[in-house]
Amino acid sequence: MDAKAIERELLALEEQGWAAISVGDGDFYRRLVTDRTLCVEPDGLQTGAELADDIDASKSPFDDYALHDVKVVPLTDDSAVITYRAAVSLKEGGVAFQLYMSSAYVRRDGAWKLAFHQQTPVKQDG
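Each residue of the sequence shown is one higher than the one before, counting from 4 in the working numbering.
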């Protein structure tokens, strides 16, 4: 598979993930993660299953989001890392924020699976 095709597929998965979070659809992530998935977020470490459970249990706090500066690094034919900056605006007049995001994917049985994910808050000026 060529690098552009991998980029399209992984960007589509990340966009679908944001859409799933926005409606509280943890099942999307249950299909995407493995029993070894690890997520590193500003509030701690989670397994993929814990991430999916959190999405089910919470009402999305954001109103809108956009993904910027997307980069994909294919590692092998069946693995790649996608990075980007997410700009998020919160519902009900909340303060907008940005995160640097990195997700490592592996292809298993013809489908991409999320192996690792990290969120890093963008440093705010001021």
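Worth flagging that the hints you see were computed from the coordinates, not collected in a lab. A portion of the hints provided could be inaccurate.
Said to hold, decoys possible - Think about it this way: if two alpha-carbon atoms lie no more than 30 Å apart in a straight line, the pair counts; the simulated DSSO-like pairs of lysine-lysine are:
id : residue 1 : residue 2
1  : K126      : K74
2  : K94       : K7
3  : K94       : K126
4  : K116      : K74
5  : K94       : K74
6  : K74       : K7
Hint check:
This hinted pair checks out: K126 and K74 have alpha carbons roughly 20 Å apart, not beyond 30 Å. Distance check on the hinted pair: K94 and K7 sit about 34 Å apart at the alpha-carbon level, beyond 30 Å; violated. About 21 Å separates the Cα atoms of K94 and K126, which keeps this hinted pair within 30 Å; it holds. Between K116 and K74 the alpha-carbon distance is near 18 Å, which keeps this suggested pair within the 30 Å criterion.
Taking the CA atoms of K94 and K74, the gap is near 28 Å; set against the 30 Å cutoff, the hint holds. Distance restraint check for K74 and K7: the Cα-Cα separation of roughly 11 Å lies within the 30 Å cut-off, and the hinted pair is therefore satisfied.
Checked against the numbered hints given earlier, the structure breaks only hint 2 and satisfies all the rest.
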